[in-house]
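Chemist: Residue numbers (my numbering), protein chains in the order written: chain F, 97 to 350; chain B, 190 to 510.
It is worth saying that the hints were derived from the structure and are not from the lab. Beta carbons are placed, not taken as given, at the ideal position from N, Cα and C, and that holds for glycine. Treat the hints with caution; some may be incorrect.
As the list claims (entries may be wrong) - Label pairs and their calculated CB-CB ranges:
#1 B/S507 <-> F/G238: 40 to 46 Å
#2 B/H192 <-> F/G109: 18 to 24 Å
#3 B/P245 <-> F/H264: 40 to 46 Å
#4 B/R193 <-> F/L271: 40 to 46 Å
What the hints assert, rightly or not - For the chain B half of the interface with chain F, some residues (derived, Cβ under 8 Å), not all of them:
#5 G402
#6 R407
#7 L409
#8 H447
#9 R450
#10 V452
What the hints assert, rightly or not - Calculated from the model, a selection of chain B residues having no Cβ within reach of chain F, i.e. all distances over 12 Å:
#11 L227
#12 V235
#13 G453
So the chains spell out like this:
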Amino acid sequence: MTLSCEHLTVAVGTRALCRDLKLTVATGELWAVLGCNGSGKTTLLHTLAGLAMPAAGEVDVDGRPLAEYGRRELGRALGILLQREDHEYWGTLSDYVKLGRYPHARSMFGPGAADEEAACRAIAAFDLTALAARPYATLSGGERQRARLAQLWAQDCSTLLLDEPLQHLDLRHQLQTLQLLRQVTRDDGKCAAVVLHDLTFASRCDRVLMLYGDGRYASGRTAELLQSHVLQALYGCRVHAYGTGADAHFIPVI
Amino acid sequence: MSHRALLAILILIAISSILVALMFGSLPVSLSALLRTLVDSSLGVVDDVVWKLRLPRALAAFACGGLLAVSGVLLQVLLRNPLADPYILGVSGGAALGAIGALLFGGGLAITNLAALGGALAAIAIVFALSFRSGDWNVHRLLLTGVVLSAGFGALISLVLTVAPQAQLKSMLYWLMGDLSHAHESATAWLVLAVVLTLFMLLATGLNALALGAIKARALGVPVGSLQAAIYFCAAAATVAAVMLGGSIAFVGMMVPHAMRLVGVTDHRWLLPASAMVGGSFVTLADTFARTIWAPQQLPVGVFTALIGVPVLLLLLSRKA
Numbered sequence: 097m098t099l100s101c102e103h104l105t106v107a108v109g110t111r112a113l114c115r116d117l118k119l120t121v122a123t124g125e126l127w128a129v130l131g132c133n134g135s136g137k138t139t140l141l142h143t144l145a146g147l148a149m150p151a152a153g154e155v156d157v158d159g160r161p162l163a164e165y166g167r168r169e170l171g172r173a174l175g176i177l178l179q180r181e182d183h184e185y186w187g188t189l190s191d192y193v194k195l196g197r198y199p200h201a202r203s204m205f206g207p208g209a210a211d212e213e214a215a216c217r218a219i220a221a222f223d224l225t226a227l228a229a230r231p232y233a234t235l236s237g238g239e240r241q242r243a244r245l246a247q248l249w250a251q252d253c254s255t256l257l258l259d260e261p262l263q264h265l266d267l268r269h270q271l272q273t274l275q276l277l278r279q280v281t282r283d284d285g286k287c288a289a290v291v292l293h294d295l296t297f298a299s300r301c302d303r304v305l306m307l308y309g310d311g312r313y314a315s316g317r318t319a320e321l322l323q324s325h326v327l328q329a330l331y332g333c334r335v336h337a338y339g340t341g342a343d344a345h346f347i348p349v350i
Numbered sequence: 190m191s192h193r194a195l196l197a198i199l200i201l202i203a204i205s206s207i208l209v210a211l212m213f214g215s216l217p218v219s220l221s222a223l224l225r226t227l228v229d230s231s232l233g234v235v236d237d238v239v240w241k242l243r244l245p246r247a248l249a250a251f252a253c254g255g256l257l258a259v260s261g262v263l264l265q266v267l268l269r270n271p272l273a274d275p276y277i278l279g280v281s282g283g284a285a286l287g288a289i290g291a292l293l294f295g296g297g298l299a300i301t302n303l304a305a306l307g308g309a310l311a312a313i314a315i316v317f318a319l320s321f322r323s324g325d326w327n328v329h330r331l332l333l334t335g336v337v338l339s340a341g342f343g344a345l346i347s348l349v350l351t352v353a354p355q356a357q358l359k360s361m362l363y364w365l366m367g368d369l370s371h372a373h374e375s376a377t378a379w380l381v382l383a384v385v386l387t388l389f390m391l392l393a394t395g396l397n398a399l400a401l402g403a404i405k406a407r408a409l410g411v412p413v414g415s416l417q418a419a420i421y422f423c424a425a426a427a428t429v430a431a432v433m434l435g436g437s438i439a440f441v442g443m444m445v446p447h448a449m450r451l452v453g454v455t456d457h458r459w460l461l462p463a464s465a466m467v468g469g470s471f472v473t474l475a476d477t478f479a480r481t482i483w484a485p486q487q488l489p490v491g492v493f494t495a496l497i498g499v500p501v502l503l504l505l506l507s508r509k510a
């Protein structure tokens, strides 16, 4: 239920995006990953999920190095919501969500009763029950995003990585997703790292990781890092911060 | 309609297609005469025509269609391209070049078959060597290599056809168009079909995930590299087995999987067996038509798979739109 790394370097070609990263996402913690476009948030998430090789260092999931995990075993321990999925899916929303049960499948002939149940719960959690029988290809952008979140929920991993989970979502579902993330970390003891661009949502996370894109990073408590001068250095634009804690709001100066 | 019911209907259609193939041809045999040959072996010529000529050919046609359809399903997942068909990786081009090359030098049936097999295997090896690097598949490179190689084979085939003597042109053309008139022995093809179909029905959930893209499938715990390798070699084996029986029979491998998806079968657990049944029945019926319509003249089945397939697919597409 922890995700950790030490001396991790993430690079694209010869350009180091993030150097010597030391990170521990502990049980029950929700982390926000912030940074400009192209600063390496997605590459870092892929590296933490074992989908890309680090330039140096290694990643531990629940205290064991990633390399020791079998593919399917890792699929039960760690789940990732990808930022983009370009491929047409031909089946229904419910079929799509059930694919999240792949690493748990006991039978080669497809999902069992437990898998069906987990998929149903996940579909309900994201308000998709009425759409379950619809072909995935006919869903709107936001509905697809919720289906992808539901698939991750059905995968039922203790460590979650989410790359821009709020994209395409309406306000209510953005809130709902954040609440669900809070709930599974606080109540179910999962841990999660979430790439966000909305600072107000980020302020509801426990900790923040900031990537500057040139190898530097900053990590720490949300209250310490989410301050106007830090954000200005990170994004290169001015941000007003109002309130603190559960009342914090952030608005860019236009 | 549930998938189970649909598959049951498709199996019935498959059996009927074999029956139709036994009954029609230059010598029509009624169903009652067909049944009589089962108990009465004194019917001589009817007995021979039905059991020694038509049955082996119908079985070969069915295996051929089943193999092409299954290969098409697999390659459409591997290449994530709806236009993928069994011939896209150059297997049929290699086989055809081998075969007509052998015919050019006056090779007999055995030599021609051997040369076709050699050409197909060479194409598989070349594509594999060029697109598989350090344990990883580059799907775009795989697709492009196959297309480029096919174009090369096409040019060489045209060259052979231009220099070939008149007398051999017809048998060469039949190879290129897809023809089952020399297909009698289909035991190997059935074995390949059974093995490939069983293997991938067991791996079907992995195929469903792989259809979402390699990274996504890997994130869900699918062993992507080995699954892709299994798909490539099994699809190639299925295509070789089909091409060895009937040459390049057009359209089946691309059309059948789409037709099944358009009627709502998308899960590979059902898509694979359903496509095998439809592909098999389709080629069996098309071949029966090809040898009946202008009997005793036998036309190449590849012409009819395309002639029947094109309007059917266009109809399904327009209905969906």
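Chemist: Indicate, hint by hint, whether the structure satisfies it.
Modeler: A quick look at each hint next to the structure:
1. B/S507 <-> F/G238: 40 to 46 Å: 30 Å, violated
2. B/H192 <-> F/G109: 18 to 24 Å: Violated: the Cβ-Cβ distance is about 47 Å, outside 18 to 24 Å.
3. B/P245 <-> F/H264: 40 to 46 Å: 57 Å, violated
4. B/R193 <-> F/L271: 40 to 46 Å: Distance hint for B/R193, F/L271 holds at roughly 42 Å.
5. G402: Check passed: Cβ of B/G402 comes within 5 Å of chain F, closer than 8 Å.
6. R407: 6 Å, holds
7. L409: Constraint on B/L409 satisfied, holds at 5 Å.
8. H447: 10 Å, violated
9. R450: Since the shortest Cβ distance to chain F is 6 Å, the answer is holds.
10. V452: 12 Å, violated
11. L227: B/L227 clear of chain F: closest Cβ-Cβ about 37 Å, beyond 12 Å.
12. V235: 44 Å, holds
13. G453: About 9 Å separates B/G453 from the closest Cβ of chain F, which leaves it inside 12 Å; violated.
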